[in-house]
Amino acid sequence: MAAGNTYTQIASTTLGSAASTVAFSSIPSTYTDLILVISARGTTVATSSSVYFTTNITGANYSNTWMVGTGVGAASGKYSNLGQGYLGYISAASNASDSRGNVIAHFMNYSNTTTNKTVLSRGNVAEAEADAYVSLIRGTSALSTITVGEGGGNNFVAGSTFNLYGITAA
Amino acid sequence: MTPMLGIMASAISGNLWAPAKDYDSIATTTLSTTASSITFSSIPATYRHLQIRLFGQTNRGTYGGDNFYMRVGASTVDSGSNYAWHMVYGDGSATGTGNGTSATYINVLNGGCLGTTAGGSFGEVVVDLLDYANTSKYKTTRALGGVDDNGASSGGFGRAVGFNSGLWQSTTAINIISLYPMNGTNFNAYTSAALYGIK
Chain A
1 MAAGNTYTQI ASTTLGSAAS TVAFSSIPST YTDLILVISA RGTTVATSSS VYFTTNITGA
61 NYSNTWMVGT GVGAASGKYS NLGQGYLGYI SAASNASDSR GNVIAHFMNY SNTTTNKTVL
121 SRGNVAEAEA DAYVSLIRGT SALSTITVGE GGGNNFVAGS TFNLYGITAA
Chain B
1001 MTPMLGIMAS AISGNLWAPA KDYDSIATTT LSTTASSITF SSIPATYRHL QIRLFGQTNR
1061 GTYGGDNFYM RVGASTVDSG SNYAWHMVYG DGSATGTGNG TSATYINVLN GGCLGTTAGG
1121 SFGEVVVDLL DYANTSKYKT TRALGGVDDN GASSGGFGRA VGFNSGLWQS TTAINIISLY
1181 PMNGTNFNAY TSAALYGIK
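Same order as they appear, the protein sequences are chains A and B. Taking this note's numbering, the leading residue of the first sequence gets 1, the next gets one more, and so forth. Taking this note's numbering, the leading residue of the second sequence gets 1001, the next gets one more, and so forth.
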């Protein structure tokens, strides 16, 4: 039977000025899953810019598999043994100035200390692509920090929003 | 400048959010040992939509990825040929599609969405069941799922991500949902399936 309401905002920021990364620290371990919602635009000169992430699990322990549709075709690829994972693509400097891309990422069982961690995410850039990513973090530590960065090595523009939610299973 | 966010930062900035109380945890199964299926029964009809969040692995021993199938019903799950599904996936090298009609289950992400004993990873899947209690229309589902094993296994979708749509051709309200591994015979320990209701 229902255990009650869940889906609680843990932290929220709207950038007042451009920033290359946004960090969520001291994430409590009291939730079952985390959901990160990003509405952002990168300053990289392109029609889309990737969003990468790191956590308190460091080293070349990240890998991911992705799929993208661009309106011209579909493709899939993978990366192994990286120092960061990827969540998807957002709008970038070559898009209309007011456009924003969005990413929604799921960090399930993020605080368990038995298994490696898996992150599932979707990215949307209406002018360029729709994509899906799955990342593996090889490490059994509970996730307590998550840092996201603009993958082109540039910045997220001012006004970009980053919201972290926690949900608790019955 | 790199903003550092956390509980303290949120409290200082006054950004703590008042929950809308529209997303409830209904039930959760976390396996302490293997199980051949996971069932949510006696699901109340008081929500608009349902969401299943699955963190899972099967005992498939030969490939790095597996998937699962889903049946729904009223009191008992329907195993008749009343389901259909479509999906698209990427396996790290190419994209692919699949579908089933007059099927006896919804195949959730045949391209791979669960880890296996062989690959060692756990996959993640989010399944939405829309208007599950409506008695005027067929029921539709959608899923996003994926698994990555960093190349630990050879073949068998140890690395895959994809989407899926599903249909149950019945106007009966759903109050039971069962999940079954597709290729493995069991879900492994630490597999967790959580059911949520959205008002």
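Hints were generated in silico from the structure; no laboratory data involved. Cβ coordinates follow ideal geometry from the N, Cα and C atoms, glycine included. Treat the hints with care, since some could be wrong.
Stated by the list, open to error - The calculated lysine to any residue pairs, modelled on SDA-like cross-linking and capped at a C-alpha distance of 20 Å, are: (1) A/Lys-78 with B/Lys-1199; (2) B/Lys-1021 with A/Thr-8; (3) B/Lys-1137 with B/Ser-1093; (4) B/Lys-1021 with A/Lys-78; (5) B/Lys-1021 with A/Asn-5; (6) B/Lys-1137 with B/Ile-1176; (7) B/Lys-1021 with A/Asn-163; (8) B/Lys-1021 with A/Tyr-165; (9) B/Lys-1021 with A/Ala-170; (10) B/Lys-1199 with A/Asn-5; (11) B/Lys-1021 with A/Val-37; (12) A/Lys-78 with B/Asp-1078; (13) A/Lys-78 with B/Arg-1048; (14) B/Lys-1021 with A/Ser-12; (15) B/Lys-1199 with A/Thr-14; (16) A/Lys-78 with B/Ile-1176; (17) B/Lys-1199 with A/Ser-12; (18) A/Lys-78 with B/Thr-1029; (19) A/Lys-78 with B/Ser-1093; (20) A/Lys-78 with B/Ala-1152; (21) B/Lys-1199 with B/Ser-1093; (22) B/Lys-1021 with A/Thr-30; (23) B/Lys-1021 with A/Gln-9; (24) B/Lys-1199 with A/Ala-170; (25) A/Lys-78 with B/Gly-1151; (26) A/Lys-78 with B/Gly-1096; (27) B/Lys-1199 with A/Thr-8; (28) A/Lys-78 with B/Lys-1137; (29) B/Lys-1199 with A/Thr-168.
Claimed, not checked - So these bits of chain A aren't anywhere near chain B, every CB distance computed over 10 Å: (30) Tyr-52; (31) Thr-54; (32) Asn-56; (33) Ile-57; (34) Ala-75; (35) Ser-76; (36) Asn-81; (37) Ser-94; (38) Ala-96; (39) Ser-97; (40) Arg-100.
Do the hints match the structure? See the list:
1. A/Lys-78 with B/Lys-1199: Roughly 37 Å between the alpha carbons, so the hint for A/Lys-78 and B/Lys-1199 is violated.
2. B/Lys-1021 with A/Thr-8: holds, 9 Å
3. B/Lys-1137 with B/Ser-1093: violated, 39 Å
4. B/Lys-1021 with A/Lys-78: violated, 38 Å
5. B/Lys-1021 with A/Asn-5: This hinted pair holds, its Cα atoms lying about 5 Å apart.
6. B/Lys-1137 with B/Ile-1176: holds, 17 Å
7. B/Lys-1021 with A/Asn-163: holds, 17 Å
8. B/Lys-1021 with A/Tyr-165: Status holds; Cα separation ~13 Å.
9. B/Lys-1021 with A/Ala-170: holds, 15 Å
10. B/Lys-1199 with A/Asn-5: holds, 10 Å
11. B/Lys-1021 with A/Val-37: With Cα atoms ~18 Å apart, B/Lys-1021 and A/Val-37 stay inside 20 Å; holds.
12. A/Lys-78 with B/Asp-1078: Measuring from Cα to Cα gives roughly 38 Å; hence the hint is violated.
13. A/Lys-78 with B/Arg-1048: violated, 37 Å
14. B/Lys-1021 with A/Ser-12: Distance of about 18 Å is within 20 Å: holds.
15. B/Lys-1199 with A/Thr-14: violated, 28 Å
16. A/Lys-78 with B/Ile-1176: violated, 37 Å
17. B/Lys-1199 with A/Ser-12: violated, 24 Å
18. A/Lys-78 with B/Thr-1029: violated, 31 Å
19. A/Lys-78 with B/Ser-1093: Given pair A/Lys-78, B/Ser-1093 holds - Cα atoms ~7 Å apart, limit 20 Å.
20. A/Lys-78 with B/Ala-1152: holds, 13 Å
21. B/Lys-1199 with B/Ser-1093: Since the Cα atoms of B/Lys-1199 and B/Ser-1093 sit roughly 40 Å apart, the hinted pair is violated (cutoff 20 Å).
22. B/Lys-1021 with A/Thr-30: At roughly 18 Å apart (the allowed maximum being 20 Å), A/Thr-30 and B/Lys-1021 satisfy the hint.
23. B/Lys-1021 with A/Gln-9: holds, 12 Å
24. B/Lys-1199 with A/Ala-170: Distance of about 17 Å is within 20 Å: holds.
25. A/Lys-78 with B/Gly-1151: Status holds; Cα separation ~9 Å.
26. A/Lys-78 with B/Gly-1096: At roughly 15 Å apart (the allowed maximum being 20 Å), B/Gly-1096 and A/Lys-78 satisfy the hint.
27. B/Lys-1199 with A/Thr-8: Judged against 20 Å, a Cα distance of about 15 Å means the pair holds.
28. A/Lys-78 with B/Lys-1137: violated, 40 Å
29. B/Lys-1199 with A/Thr-168: holds, 17 Å
30. Tyr-52: Non-interface label stands for A/Tyr-52: nearest chain B Cβ at 14 Å, farther than 10 Å.
31. Thr-54: Holds, since 12 Å exceeds 10 Å.
32. Asn-56: holds, 13 Å
33. Ile-57: A/Ile-57 clear of chain B: closest Cβ-Cβ about 13 Å, beyond 10 Å.
34. Ala-75: violated, 7 Å
35. Ser-76: violated, 3 Å
36. Asn-81: Non-interface label on A/Asn-81 violated, nearest chain B Cβ at 7 Å vs cutoff 10 Å.
37. Ser-94: holds, 25 Å
38. Ala-96: holds, 26 Å
39. Ser-97: At about 23 Å from chain B, A/Ser-97 clears the 10 Å cut-off, so the statement holds.
40. Arg-100: holds, 18 Å
Going down the numbered hints, you'll see the structure goes against 1, 3, 4, 12, 13, 15, 16, 17, 18, 21, 28, 34, 35 and 36, while the others check out.
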